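One letter stands for each residue in the lines below.
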Amino acid sequence: MIPTGLDLVWVIVSFILTVLVFSYFLGDNAVYRFVMALFIGVSAGYFAVVLIFQVILPHLVVPLISGNRLVLVPLVLSGLLMFKLSPRFSRMGNIPMAYLVGVGAAIAVGGAVMGTLFGQLKGAWSAFLPSSGEPPFLAYLEGGFLLIGTLASLAYFHFNAKKGSATSGKRTVLVAIFAWIGKIFISITLGVVFASVLTAAATALIERTDFILQTIQLLAGK
Amino acid sequence: MDKRPCPICTRQNEPQETHCWFCHAELPPVSTDQPQSSDWLRGLRQDQDATSDNNPILPAESTESNETDKPDEFVPDWLSRIRSKEAVERSEKKAQEDKYWAEKKSHSGVPDWLQSLNEDTAEIKTNNKNDSAPPDRNKVPSASPIEEPSTTSVSGDDWLESLKSWQSADETNKLIQSENPEITESPAEIEFSPQPDSQVSPEILPEPEFDLRKIFSPLVEEPVIELEKPAEPQEVVLPEGFQPFDITFDETEIQETYSQPEQVDSDLSSTVDSQPQVELEIESAPVLPNKNVDNQFSIEDLAISLEPIKEYSSAPPLESAQLIFPDDQINVAQPLDQSGLAFLNDQIDVTQPQTDNQVEPEEIIENVSADEVSAEIPINPFKGDDLLLESFALDDLPEWLTDVKPIEKPVKEKPRSVTPEVDDESPRPEKGNLPVWLAALRPVEAVEMAAMPDEKAQEGETPDGDQPAKVMSGISAATFIGKPSDLGGGLKVSNRQKTNAALLSEIAANAETVEESEKNSAVGITNTLWRSLLALVFVVVALLGGTIFNGYGLQPALFPGEVVHTFDRINSIAEEKTVLIAGDFEAGFAGEIRLTSQALIEHIMRRNLNIALMSINPVDSALLADQIIRGLTFVPTYQAVGKVVDLGYFPGGAIAVQDLGNSFANTVRLTADLVATSSVDSLMNIQNMADFGAIIVITDKAETARVWIEQLQPTLNGTPLLMVTSAQASPLIQPYYQSGQVSGIVSGMAGGLVYERIMGSAGEAGRNHSSLQLLSILMAALVLGGGFISLVKPESTGGKRQ
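From first to last, the protein sequence lines are chains A and B.
Per the numbering used here, numbering through the first sequence is continuous, rising by one, with the last residue being 222.
Per the numbering used here, numbering through the second sequence is continuous, rising by one, with the last residue being 1802.
One or more of the hints may lead you astray.
[As the list claims (entries may be wrong)] As a list, the in silico DSS-like pairs of lysine-lysine whose alpha-carbon atoms are at most 27 Å apart: (1) A:K183 to B:K1793; (2) A:K183 to A:K122; (3) A:K122 to B:K1701.
What the hints contain is simulated information worked out from the structure, not anything from laboratory work.
Remember, it's a predicted structure, so these values are computed and weren't measured experimentally.
The shape of chain B in the complex, shown without the other chains (with noise of 0.2 Å):
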């Protein structure tokens, strides 16, 4: 019979496995009839390989295999990552297939195919039948499509004696023993299960239980397993003779095992497979390039080399299946180097390339993330420990293989650092050269990206080289996640998307640019020239009414209550009282402030009343000396030297003028001169603010007109109290004149004019009267022109829709 070659390490294996005995690859079926091998173990294969030939499963899922992967596909990210995720399953479900042959092959402590041949068969089945009735959860449904046929009956009287022959010790194998404790464990602590065979229908019986299709084709059974329990996919429902983990293999069994190298692999896998990393380092086998192999494995590297799976089976992990080599099986495994090297030999020779059943390592790597890799990516099994390499002699390692390194311990616990080393005269990916256009098109965060593995790369992250290095840094690509830096990079854009993008921008940016610039403009000489005009209006109009409309202003036939009130409290304040004077306003407002008590100090001048001036704002005391100024050039006579005292800045406002109300005297000690009050004649009498004849605020704000009311009035006893406003603040001023607060008013310009009427003097207030009357009327029509256009059209004045 042929040899198989592996599809994916394209080594040799016997005709009948269905696996690589050397990297676990499913083999494809064989459809043709195999010559007979002279090997007793061959021939021994044969039978059971036709017995696992009647299982129309095998075939079915491994042509299907084969038609689903063909060379040089495309195959996508998804389909490589549930092939992943698949391959991984299947391991799983080997290991527990193994786990079942262990268990069952542990029954009895003689396997079945043993039993079988020795035509004891029947009757070891009607024991297992009495021993004990399996449990309802491991009975396995009439339709499972899991049928095991019976044991073939091939008489082996002739092996069995050649097999006794191979019970002697060998020194190699002994000195395994020796260094792996496990193996010398009593056979005691090895459990066995009962074998419900009996119970089970003949269509549903298990294969034989040694049957070795069955256990290097757990990946073709599983999809079945999985297709009859779709209800509880977390319980895994064991047909009868399964048994959970919890088993170690049969002492007599593990001999048999050591004695075959396929059943060694077996079990290593099916103990490795307890440990995850382990597991990947097992099926890391099919990724290595092995073009060069150098199959000339000695004994002594073959015994080497068992030493890694001694210290997996004796990690304290694998509690499940522990690896047990005793004596007898280190035994057994002196024949086996001797007739099994050259088998070995035969497989490790490869002489085809990988196969269309595997997919390319960089491409699984590419298009999966980092995690997924580090779970999924096969791992050379022999970059797993020192040993292994330094077993074989340089000569021998292929090419591929001499460029790696001795794994270190450190790099060992990186998943990323046992990334498959590439030869540098192999292959590589050509680096994509991109024309402009598309390079332009590029996003920029895939650019970044990209960048960033390439810099954990050169800090040593990524030890493997540069290959390794900008295969995971599409990983990190991939797994990225972050806002884009430029959305619009990747966008397709036509030509006559352009031309029309282009044209809309264009058109935007001479609308902006015309209607901003218009509209600036335009509102900026609207304004300009709106605002001169008035102005020009106003000031042509105020000097007319100056000038040549002067004299034809409406005089005031009715003079207010509270100028007059005003004037007569003037007029009835003793001569040798006092009049405090107190400035309460702002310097722009002092022209209006003089047109309106210009008149009103006349009077007191024209009285001869004592003048005492306080200022609440610094500047009122040198504007309220200047009126008095003013008024002596009407006043001649008045001697203000000796009559006006100006007690200057009085700071504190509304606390000063409360604390003015409690006492004068103790509150104004000073003069603007610094001379003592109480020194003063005209203040020398005064203690309180009642002591004056009268006080005049001259202020042109309300709250400064209310606050003197407020603190001062109450504290006047009969004082009269005066006010001297601008006209703005006369309406919120006139409801205290109302009340009698406040005993007269005195109230802008008009208030001037109607005192200067009053008093028979022409005034500055007079004489700027028709200008007033005229703004008046201007300002009027501008106020009730406004409000019609308002009215009519809303739109053009800017103001709410209703």
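Looking at chain A on its own, in the form it has when it is part of the complex (with noise of 0.2 Å):
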């Protein structure tokens, strides 16, 4: 689809500023630093535009003129929260803060256990389950492997030591053991995990690459 009129106006300006964005490869200057103001200038207005009239119209106001006194609940807590921009009273601001924390708090917690550590110490064992049309053997060795790599990498966060031994403050021969397995384990997944955030950010820029060339191709007329 080749853009026209507007779509063709917001194509060049988006192009313009990739191009500036492209700039601090020679460094910090203020082209860069230009687009980066911009960028935030324009993310926080629309942030602005988007919370006026996906949150605060359609949850509070509107319940409100329709005689909901439930939201006067959280507008009070908001309208303490607004006390934190003065330091004198900002010790107001403490009670809807703490409400928040609180309730963060709780739903991290218990997220974590439902979902995480039941959830993973299900996976672990389903791991030995083997599927249709799949060898057990197969199913064995994935379901170890991933077992020995679980416990290897809980194993090398094992700090504790005997007390009153000879060896105090030295792992045991089993743990030691475990944790030389899962400091492999961890290498390994720490290497992924960088591969992918450079596969993530090359990704970006071939995504914009590819925008300047489709932009210079649409321009050239090709």
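Reassemble the complex: the two chains are provided individually, in unrelated frames, and hints are given to aid placement.
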């Protein structure tokens, strides 16, 4: 689809801004800072508009007008949160902050236990179950490998030692072996994560270079 | 016999005296025989002087002191302090000695010399021997150098009769007596101590109890006593006959004392010694400039001048030695005025300057601290009371004394206020004119400290004039303790050191400048070049992969299971079901997310499924809408207007997700267009999240994906939860896929490419696949190359040294 009209203008603007951002390759410069400031400003403006029209109006103003007194609670809490702007009355904002932090912590802990801990235990156990048509040996091998990797990674972060033993401060032999194996798993995992990050950055570069190339082709009339 | 001039005040004293009658300064010893005085008292003194000459200590000490104190000799600070302290100690010893002799005299009520003159000495000694045995602590060792010879037997019938003739009262002395009630005190209060003379061997017998040399030369005997008792410095062991301080003067003794000017003065000093301040005033006499003292005293002047003496004796602290002036004593004063005034005038007549035995007062003040000065500076005794000054006629006052204003009471309380006055015309120490180089080397704190006392002087704390204030400024500066503001101000640096320092600083400055500039410029240029070069390489490779090398990339032969499962889940969704697409990613990852999720969205559109867009990040709603628009280009038959519902931004993060899992209908009541969700066809039958055909979460962070999995997955009841993530979040979400909590994952542009291949479409991921592979190779090469260089040459990469 070839953009025309206003879309073409925005394509050209996007092209220029992308090239200006690439000027950072030559070091920090005013052009790059201008683009970044423009991006931040546009994002903030967009956020404000979205929050007003998609949060405050539908979830606070409209219910309040319609007679829903329950929204007074978030209204009061939001009003108390505004006191955080004043150092003198910032203590008034501790109430909604305490509410938010408490609820957030409770949700995070509950989700971690129910979603991650139990879910991963179930997944580790299910790895030993062969799927349809899969030889049980491979399932055991895969499940065993996954189990060893999990235990070894946990053993790497096991820093306890026997109390009062002559080798106090040193891991036991079994824990040391598992920790060494776990270090390998962790290293592989971090390497994969690093490679994934590089891949994500390369993908972003590729997307922008493709946009530049498409725009050039568009402007060239090809 | 010639009169002996005082080396301090230069006044004439009697030849038999060992201390100046005026200033109590120690007189130099007389080696030659002195002519006999016609006065009966002089004869008596001569006899006593002859007796005291037997003591070899006094001349030796005097000679030694004269040898050490030479005129114009440079006296260091420590020596001047030692001398000052020594003078104080001597004065204290002198007071003890006076009390000792006062005790001796009060023993029988009659001085021993008088007893000896009555030729009853032997009998009296025998009686004293039987009185009481002396305590052991008062015993003097046999080796004690204080050997007091036996009293000289001098026949004195003639002078005794003349002495008796002096017993008549004088009106002037009566007046003095009336002003001092202590004078009329009863003799019964006087305590008598036994005289253990008989128990002492002749070698250690004390001197005659009224030995003038003994009285006036305690300063000479003090060191000897200290040598005797090195083990007990605190407890002074007195020889036999010495008594503690708790004694009073005998009435008759005071009579005798008052009859003689020397004795009056000695008693006065012993009395005043009990008060430190008075002691200072007594000893301040030597420092007075006394060149032009008019020595014409009248009898009224002398009488008035004795008033402060009586005041001192009546002061409460003077309990140890109260000065009592009975009537008889005052009667004795009359002939003293008659015969002694001439003597006094002769003594006051000063013709000689100060000699070597006295240190210059300014020199003392400059070299000692303020406290020491306040305690040790000799003070003019005549400044202690206004009456003393008023008794002198202005014409009779010396020139230096005429400038002295009457001493004010508040000024008297402050030690500094009694600093000796200096005549304006007298030579003052010239202000130092330091050379420029020396002034530059002076420490800054010295100037600051010198300025401090000047300010105080301006405030009136030192009203005695500029000169004392300047002198005191030096004292304060010496005692000022503070951090030097310029430690290098007093350093002595040679020219060679200066040259070396200058050369070194120049080298260091050049080295730093060159090094920093070169380093900064080199680092900046290198970094810029490397960054520009790498960026250019990456951009070129990306462009080459999209253009020249497009189609040369390796196509995936095996599709990942998570992507296949995602495709299968989408294909298994019923047509009437609505798919919830929740965007939770940053705008910066919009390009990667679009390459990843575009094929999946097109797949949903191809299936003509209802789509509900929800964004946890405010910008995601618009980005997802843009992807729908892009998908319409490939799926033009999809009716986006009726099939796609934008629920808009949903704030709250994990709390909002958890709320969604509880009840979708109660949580999301309105769409982005403020339309009730219950009125929307695609959302009309959805009460919970499990009612959706599938939930697709598009995110760029593993933490966000984990929140969705943790909070939402337990409530889905079999509804597939699909993840479209950035490449960087894929490794951390993979375990959830392995555990079955996530039904499928499409991760990164590679996942999008696989999805496109599964769908059989040619999307943007396939077009840029070659670029991704080239860049991956380039990045792998850089990582391996950097790791190899770091392994071979660690210092070049700034790594930690083992």
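Verification of the supplied hints:
1. The hinted pair formed by A:K183 and B:K1793 meets the criterion: a straight-line CA distance of about 25 Å does not exceed 27 Å.
2. For the given pair, A:K183 sits about 24 Å from A:K122 by alpha-carbon distance, which is consistent with the 27 Å threshold.
3. Between A:K122 and B:K1701 the alpha-carbon distance is near 24 Å, which keeps this suggested pair within the 27 Å criterion.
Comparing the model with each numbered hint stated earlier shows that all of them hold.
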